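Participant: Residue numbers (our numbering), protein chains in the order written: chain B, 964 to 1419; chain A, 964 to 1419.
Rather than coming from a laboratory, the hints here were simulated on the basis of the structure.
All figures in this text were calculated on a predicted structure; none of them were measured in a lab.
Mixed in with the good hints, there may be bad ones.
Residues on chain B that point at chain A, a partial pick, calculated with CB under 10 Å [claimed, not checked]:
no. : residue
1   : A1184
2   : T1219
3   : T1257
Which residues of chain B face chain A? A partial, calculated answer using Cβ under 10 Å [said to hold, decoys possible]:
no. : residue
4   : V1162
5   : P1172
6   : H1190
7   : S1198
8   : S1252
9   : H1286
10  : G1362
11  : G1363
Glycine included, each C-beta is placed from N, C-alpha and C at the ideal position.
Number of protein chains: 2
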Amino acid sequence: MMADWETYLKENKKRLLNELLEFLRIPSISALPAHAPDVHRAARWVENRMRAAGIESVRVLPTGGHPVVYGEWLHAPGKPTVLVYGHFDTQPVDPLALWDSPPFEPVIKEGRIYGRGSTDDKGNMFIPIIVAEALVRTGGNLPLNLKFLFEGEEEIASPHLPVFIAENKDLLSCDMVLSADGGQWGEDQPAVVLGTRGVTSVFLDVQGPDHDLHSGTYGGAIANPIHALVQILNSLHDADGKVTVKGFYDDVRPLTREERDQLARIPFDEAAYLRETGAVSLFGETGFSTYERTGARPTLEINGIWGGFQGEGTKTVLPSTAHAKISCRLVADQDPVKIADLVVRQIHQTAPPGVRVKATKAESGAAPYLIPPDHKGLRVAYTVLKDLYGRDPYWVRMGGTIPANAMFREFLGVYTIVFAFGLNDELQHSPNEFFRLSSYERGQKAYGMLLERLGK
Amino acid sequence: MMADWETYLKENKKRLLNELLEFLRIPSISALPAHAPDVHRAARWVENRMRAAGIESVRVLPTGGHPVVYGEWLHAPGKPTVLVYGHFDTQPVDPLALWDSPPFEPVIKEGRIYGRGSTDDKGNMFIPIIVAEALVRTGGNLPLNLKFLFEGEEEIASPHLPVFIAENKDLLSCDMVLSADGGQWGEDQPAVVLGTRGVTSVFLDVQGPDHDLHSGTYGGAIANPIHALVQILNSLHDADGKVTVKGFYDDVRPLTREERDQLARIPFDEAAYLRETGAVSLFGETGFSTYERTGARPTLEINGIWGGFQGEGTKTVLPSTAHAKISCRLVADQDPVKIADLVVRQIHQTAPPGVRVKATKAESGAAPYLIPPDHKGLRVAYTVLKDLYGRDPYWVRMGGTIPANAMFREFLGVYTIVFAFGLNDELQHSPNEFFRLSSYERGQKAYGMLLERLGK
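Bound-form chain B, shown alone (with noise of 0.2 Å):
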């Protein structure tokens, strides 16, 4: 049988959906200055449909940058707290010329919505909200208490969500988070995500003549500055990628035996690995599988090299500078401050005779983020996902980073979920992102009855 909430979404099935294109249209890129007035329209379309939604003290609120919008039900006493998470800015959309149609202008084709933003975030950001209102306009009530937080920043890394949260406590405080930014491991394989990586970031410069110099007349006698970055660099690694940073791992939480076997029971193909990624083989810390080396384990990674002449042929210079920017993935309990001040000595205690080397730590930066497998929230949701695709969800440890999940850990001491609907393949970041219908219609159903569920 048919709940009402569910009767009453799948009635207003086509309205729903033309909101959720109209909310697509605004073309709210939050890298580009010239776009936060579109950030703005969008944070007052988030607002305006909540309020239409029944949602109450709906505003939008200021940070140092892009507002947030905050909104809240809580009219069941005794009943848990939930703070639903998620955000309303989308990446730019370079290269233009690439998508098929134009980002802003969302088409549905072969049940899926294509447009910037569709599946990350605003098509998954929608559907807590329009299942709200779906229980609201069908019971009148909610199952539990309800609180919303949508940012508009997260697509730059969230950089004025954390002072936001700290300074906003009792407005937000609450049992456990839903992040609707996320998504599921395949179109049949549902996941609850057990942690995701921190990130920390140090740029290194290393400056030797303070100009070009002729590497005949001087090559010999001066240092040169790339191979001191060289020298520097290489230090941070031993042959098999295993971080050689002192101190590096002391704060790393081993996995346990039963963490090992949680991630070993998902399949791992590694032919479509290689083809996915087009690298000859595997690689990395001895001893550890792929989905544990990504998940459970830190990395330290040079992202950029630079120095000295990058032309065609050949031009025998010993340049002037050379420089990197590094940076670490971190896992639970590593602490991003920490992690950068031990990169940032290491490269000073290696840093060779002759140049002048300076590390700087970037201001960014995100904590790791772990839950406890026995969350109970978390066990609601595996069990609602197990109900609704008929399979184990997998647990998951995401090698990338959602800030915001740590942040919620901090400044109000408790767990995120990550509840959304968005699949790998869907092209978040790249021309032609694009949404699934039927995980839109699942979303919805998935949101119902964990909400109910959640407040039994």
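For chain B, the structure is supplied; the task is to place chain A on it using the hints.
Facilitator: Then chain A, alone, in the frame of chain B:
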């Protein structure tokens, strides 16, 4: 008492200077295809001027690139035959905005001729032509047999000179070469050049995944080509800058005690050297002085490196490719091809798993050059310089490369004596290049004395 040829040069001083200015007005930039007609025009100018000087069989001869100019005067039976070498092409002029006067509109200011090519090498190569004219016009004869070979591709590494010399061995056969391309140590300090370094180059390309990957999703499980690049490059030196390529030093001729003493006699001002380069300290192979390091020891220099993200801020990418350009300065008796092969072999041997590594030898290269210090012509040049400057010349080994030196040795079996009068501060290859009038005049006297003494 002034020799007749000296009186001739003095009496014709104004005309000879105006002719040099005329030569300098031809923008014979060999690197720029648009200036190919100008390089050809400069060849014709040299041809006509040599003919006017009384030099015989003068002709412009084609090569695979810009032409050369040949001439001879061979009426001194029983006397040595000397080949004079120089070049009539110039460097480009960028950045043009930094020139105080147009590069090809030479001006004389405070005893200096400003203009592109003034010291490198038109001013220097013009000297032996007018000295020959003075000798022929005043005595009717030269004191020895003279051949001239001027090329138009020195500034682009003389790519067609080896073939030209190899194919014209009889035409160019001689007892020694005088290079009118080079310089002296200082305004009051002469030098004889014992050696020039060779050069050979290798390009290194590392391919990881076939497209840039998300460093969160894949980091730790797929090899980062920058890490591999850094690991390979770091294997090429030890901590004090010694090259660790296997076999690299095998053919290096060790410095004798006498050679070390010769180099040690050149005063070295460390503070001035560091000011000149802007480096914080000297750096190089343990156990060698600065002039030994730059003159008598080979190097392996990374001239350029690049890969991944080089923009502002952070981009957490696991890049697809990483690259480096490497060149080695070589000393006797290293072979450019053999050394490049050793570097390529070591790169492949050091290549870590997980990436594709390609090492490519550059097509161009030049052999190192060393003249025995007791070479008869060199000894004569030494006494001329000593008498003219009133000081003992330094015995120097240049760190840079003059490819022609080794070519004449290889194909004609003769040594080259660098006999030229540029000074290091004359901004060769830079804006506001100039040549001292005093050097121009001293060079004339020096060439006259040298030819006379070599003919005795």
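Participant: Now tell me, hint by hint, if it's right for this structure.
Facilitator: Structure-based check of all given hints:
Against a cut-off of 10 Å between C-beta atoms, the interface hint on A1184 of chain B holds, since the closest Cβ of chain A lies about 4 Å away. Hint status for T1219 of chain B: violated, given a least beta-carbon distance of 19 Å to chain A, over 10 Å. For T1257 of chain B, the suggested interface contact is upheld, since its CB lies about 5 Å from the closest CB of chain A, less than 10 Å. Checking V1162 of chain B against chain A by beta carbon gives a least distance of about 6 Å; that is within 10 Å, so the hint holds.
At about 4 Å, the closest approach between the beta carbon of P1172 of chain B and any beta carbon in chain A falls short of 10 Å, and the interface hint on this residue holds. With its C-beta approaching chain A no nearer than about 6 Å, H1190 of chain B sits inside the 10 Å limit, and its interface hint holds. At about 9 Å, the closest approach between the beta carbon of S1198 of chain B and any beta carbon in chain A falls short of 10 Å, and the interface hint on this residue holds. With a least beta-carbon distance of about 9 Å to chain A, the hint placing S1252 of chain B at the interface is held under the 10 Å criterion.
Given hint, H1286 of chain B at the interface with chain A, holds; its Cβ is 8 Å from that chain's nearest Cβ, closer than 10 Å. Because the beta carbon of G1362 of chain B sits about 5 Å from the nearest beta carbon in chain A, less than 10 Å, this interface hint is met. About 3 Å separates the beta-carbon of G1363 of chain B from the nearest beta-carbon of chain A, less than 10 Å, and the hint is met.
Violated hint for the displayed structure: number 2, the only one.
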